[in-house]
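There are 2 protein chains.
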Amino acid sequence: MWSGGLTLDDVNNDHIHIVSISVFVAVLCLCIVIGHFLEENRWVNESITAILIGCITGTIILLWSKGKNSHILRFDQELFFIYLLPPIIFNAGFQVKKKQFFRNFLTIMLFGVVGVFVSSAIISTGSWWLFPKIGFAGLLVRDYLGIGTIFSSTDTVCTLQVLNQDETPLLYSLVFGEGVVNDATSVVLFNAVQKLDVSRLDVWAALYVLGDFFYLFLASTVLGAATGLLTAFALKSLYFGRHSTDREISLMGLMAYLSYMLAELLHLSGILTVFFCGIVMSHYAWYNVTENSRITTRHIFATMSYIAETFIFLYVGMDALDLEKWKMSKTSFKTSMGVCGTIILLIALGRAAFVFPLSALSNYMNRSSERTSITFKHQIIIWWAGLMRGAVSIALAFTQFTFSGLTQNPVDATMVTSTVIVVLFTTLVFGFLTKPLINVLLPHHAMENHHHQDPNSPNAELKLPLLNFEEHATTNFLRAESSLSMLIERPIYTIHFYWKKFDNTYMRPIFGGPS
Amino acid sequence: MWSGGLTLDDVNNDHIHIVSISVFVAVLCLCIVIGHFLEENRWVNESITAILIGCITGTIILLWSKGKNSHILRFDQELFFIYLLPPIIFNAGFQVKKKQFFRNFLTIMLFGVVGVFVSSAIISTGSWWLFPKIGFAGLLVRDYLGIGTIFSSTDTVCTLQVLNQDETPLLYSLVFGEGVVNDATSVVLFNAVQKLDVSRLDVWAALYVLGDFFYLFLASTVLGAATGLLTAFALKSLYFGRHSTDREISLMGLMAYLSYMLAELLHLSGILTVFFCGIVMSHYAWYNVTENSRITTRHIFATMSYIAETFIFLYVGMDALDLEKWKMSKTSFKTSMGVCGTIILLIALGRAAFVFPLSALSNYMNRSSERTSITFKHQIIIWWAGLMRGAVSIALAFTQFTFSGLTQNPVDATMVTSTVIVVLFTTLVFGFLTKPLINVLLPHHAMENHHHQDPNSPNAELKLPLLNFEEHATTNFLRAESSLSMLIERPIYTIHFYWKKFDNTYMRPIFGGPS
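Protein chains in written order, with the working numbering: chain F, 1 to 515; chain E, 1 to 515.
Just so you know, the hints here were simulated from the structure itself, not pulled from any lab data.
Be a bit skeptical, because a hint or two may be false.
Because identical chains cannot be distinguished in the list, a pair is counted as satisfied if it fits within a single copy or across any two copies.
As the list claims (entries may be wrong) - The list that follows gives simulated cross-link-like pairs (lysine to any residue, SDA-like), each with its CA atoms no further than 20 Å apart: (1) K435 with L230; (2) K334 with L130; (3) K327 with I61; (4) K236 with L38; (5) K97 with P514; (6) K236 with F37; (7) K236 with I34; (8) K97 with T372.
Based on the sequences and whatever the hints tell you, model everything.
Next up, the structure:
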């Protein structure tokens, strides 16, 4: 057991602990090597590889231990939420192409926030209506609400590995942006629903959830931005690089982690906090450190995120063979499959219910801007990209239906195993089909979908995402005659314009930026 | 409690956990900032700062919790040996100036291996003889043997921060090398002593410990070198950088950690394994990765080691105020001070007993080489550098005298508190005197003891340690006429010469190296 404290059978436990870590690290290394070989083969991506290797390892351990157990580490929401998720989300914020992200901010928020509300409403009511019909009863109202948010968190890694961000920047930015915001929204909504008094569900309760949600969203964002700015200010005014690059790197990493922990401490959303902390750090703090620290932070945050992601997928694969849970769930095979099928159907339905209408809305809002509109083919890809379910779903399902990873209730056990099946099925089957689907929908794209990285200029990747931010903003807005009419017609662009002005005049001189 | 698994009072425990981590991370950030301000002021170094901040934080928590407890994290040998020590030792191996290290290999081994044997024999017998005389009884033979190894592990960080490695390369290399080898030796010897059958202590038992020690030493070294070579070979033949720098960095980090865990699994010395793994990786593997990965690995391993070190010192400071242990130890203040005084005296004596004779031996062995001999002033500095006791002593004391960090036995509690006092006293008092002492002994050195690092050429530090290795070896040995007479007169140089030949002809073409 990974985070198992020292218990009375200390020596023995210590040894098991060391065995677990060794096996896990060895398998992680194996994943890295195999992932490297499969890089050319874009049919199978790294998530699928990690899950499959996890399944194989699980089988071997199962045979080794003569059917006693399949996982060497018990899935632990704590491990997931305290150690694995923060680096992934922080890195997403740190590496995000800010230009695209902020240009499409409103659309991303529509998909990522409104989308989760729509999707979880549909999945909740759908499962509440359909589960008893296929012979699966025993869930409480709170559980149905939980199911809605659990299956509204998407996993867009598969799609992002196939999309080319230079050819279809808008599409890439939407899928990526929604992926991050969606994770945060599901977790925040999940927590808001948990606090709900289910005995009286009325309009006031719904409004309360909504209000709670917006409070969490805003407060978390402010906390993240404030921590990022504080770090940037400290790095700029003290100039740590004078003595030691180690201190700069430590401070950036530790402050980011502190922002996450503080948010959790204040019962806010750590995910959102650390995401915005990452954005602010890459926008200001990153410019205040030495060249070596810049290279190191870029790479090390990406590496940590990569390891954490592989770790999670590996674990999901391993956990699929957890016999205890399978035995505990007394539901028949038929009902089990019925539950999974229903959930997958509801996921597809719930996602269709917001992707197409919201895309139309976004196209309407951007009708007068230079932005290309979201074509129907793109809408299908966006819809598809969000059908995969990942580690966040599993972690939330464990939180909802188990107690420290264990459950005695057969209904709860069925829900946990169903979640694992849904995640495996969507990642493996839908993930496998992503490449062919995109090839059919974007045929030009198919021909040169490997984004070749010139091994001789590894610096290129470091400079691209951050530099051509300002030119774009200014050239676009010099044409603006009246700021008021602009605000009405192109609200995001106008906000963006004034933000750039403010940023250049006040923020950058204090907190640092490209000179 | 840091690594506390999920228990029944889960929610509450989770919250305490988050509070602990937040406070700890915040205090770590504070240490980094204060350490930066004190960099110019070389009287107080970073270890002392971290210990003092730990004490202050401990006092605040003590007052806050109304005298209930002073630490937010229970000291945990597992946390120390599984998570904090490996990055520190790996980094030591990775950044070691291999030229100096291997040139002085025999002397370093004399100090680091023979020295520990001498010192622990003196401390063991000394405490066995003196403790009952000052009214402290109740320890078993096994405990006295344990005490010998516990107080033989040195902490040379303080001295290394003051020494200038360009002015006194020999001295720096000896103090650094001994520090690393000594840590490993103490832990290996401690484990060897633990396995000893204390009921019959005779020459055979001593020989058995010695044999066990050499087996552990050799097997650990071979395992570390093998893992390093495997990594180098994988990186060279697969060329991961083609696709992703993240994979290269992950693989280096994970393989290093795997070597440590494998050694622990096979009951070898993880410290030695990961140290040699670090040396081999920086000698071969490091040349097989992209430029960005080189910069990133150099800096990130140093940063991780820096954070782990600060963490440990901070913890030691916080633990000093653990009231439980103070109450448990029923020994009078006078006896307590007597025990600590005796230990400190024995440490000084035990160290003097090997530093001066072994220095003379080393000078005799190197009489015909160009190496400058170890002057008496240098000998005093080497003696002084090893008087400080650090985290390894505390971790070993916890292993010997507590059970999962708790103890019910007053005698054991006294030994734990005494160890904490000895570590605090030696680090604070001796550490504080290090700078003045070196100023007196090496007056030239005192004038320019800040090793200035040009902020404009941060690359310099990366290239220096690795490049001028071969020229030196070859120029020295072209003069050699007969290899046999050389082997007798200058054994280390000869071995070095043949090793370089072998390395250039066979190893580097397979495993990579500077081109």
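Do the hints match the structure? See the list:
1. Proximity of K435 and L230 under a CA criterion of 20 Å is satisfied in neither setting, with 43 Å inside one chain copy and 34 Å between copies.
2. With identical chains, the CA atoms of K334 and L130 are at most 20 Å apart within one copy only, with a shortest distance of 15 Å there and 77 Å across copies.
3. In the homo-oligomer, the alpha carbons of K327 and I61 lie at most 20 Å apart inside one protomer (18 Å), although the nearest pairing across protomers, at 47 Å, exceeds that limit.
4. Taking the shortest Cα distances, K236 and L38 sit within 20 Å of each other only across copies (18 Å), while inside one copy they are farther apart (42 Å).
5. Only within a single protomer do K97 and P514 lie at most 20 Å apart by alpha-carbon distance; the minimum there is 15 Å, versus 36 Å between protomers.
6. Taking the shortest alpha-carbon separations for K236 and F37, only the inter-copy value of 14 Å comes in at or below 20 Å, while the best intra-copy value is 42 Å.
7. With identical chains, the CA atoms of K236 and I34 are at most 20 Å apart between copies only, with a shortest distance of 16 Å across copies and 42 Å within one.
8. Taking the shortest Cα distances, K97 and T372 sit within 20 Å of each other inside one copy (18 Å), while across copies they are farther apart (57 Å).
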